[in-house]
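*Asks:* Sequence:
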Amino acid sequence: MTGLRWRRWLAVAAIGATLTACGGQPRTSTAPTVITTPGTTTSAAPATVDGPLPQSRPDTLEVPAIDVSTGPIVDLGLTGDGALEVPKDARTTGWFTGGPAPGQTGPAVLAAHVNYNHVDGPFSRLKDVKSGDTAIVHRADGITAVFTVYRVAEYSKTAFPTDEVYGDTAGPELRMITCGGAYDRATRNYEDNIVAYAKLTQAYRA
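With the numbering used here applied, the sequence shown covers 1 to 206.
No false leads were slipped in.
30 Å max Cα-Cα, derived BS3-like pairs, lysine-lysine: (1) 130 to 88; (2) 130 to 199; (3) 199 to 157.
Across the chosen pairs, the derived CB separations fall in these ranges: (4) 186 to 55: 38 to 48 Å; (5) 183 to 50: 38 to 48 Å; (6) 191 to 77: 18 to 28 Å; (7) 187 to 162: 14 to 24 Å; (8) 50 to 191: 36 to 46 Å; (9) 74 to 187: 18 to 28 Å.
Bear in mind the hints are in silico, worked out from the structure with no lab data behind them. Just so it is clear, CB atoms sit at the ideal spot from N, CA and C, and this is done for glycine as well.
Given only the sequences and the hints, what does the whole structure look like? Please build it.
*Replies:* Following this line, the structure appears as structure tokens:
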């Protein structure tokens with residue numbers, strides 16, 4: 001998808017994403033290392049891969065700082081009215097397939113519930129992520145893409161900065177999105193969105 005077309009799609013999808021990518025009322029990982037002990041051979045170090053990466057869907061996500069280790073990531077598209085689809089249960093994370101894959105140039109989008117039906121979602125603690133924390137995406141092609149968070153922001157859904165969040169980027173980036181702020185019992189929605197911004201800083205094939 002071209003950058004222009006991507007931005008048009010996301011401009012349409014953004015309102016749906018901000019309103020529905022969350023609901024109403026974990027494992028830490030590091031990259032493989034080389035270990036040497038007497039009488040043994042040295043294992044091969046993971047092969048570093050230069051970015052941007054080719055297209056390949058994300059399989060799972062880890063965010064060690066908040067103890068996130070997801071199951072299989074599901075595909076998210078657009079609904080008939082142009083809104084971004086959301087995961088159907090509390091524990092699932094989704095990837096918007098109309099945009100870049102994690103590691104490709106542009107902002108890859110992963111969305112998950114903060115909670116749903118009184119069950120905490122994968123991004124229940126996304127607001128606690130700090131600059132310098134990592135998000136580790138294991139891709140279907142066997143490449144692990146490591147992103148480093150550089151910003152976490154909270155936006156009112158009534159003033160969501162579509163271009164800032166979904167606009168074109170110079171290199172591979174990641175957006176992790178969920179809901180936050182006060183919970184409106186009348187609408188059964190949170191009033192804000194939490195967005196974590198991250199850049200690709202490492203990629204390797206184990």
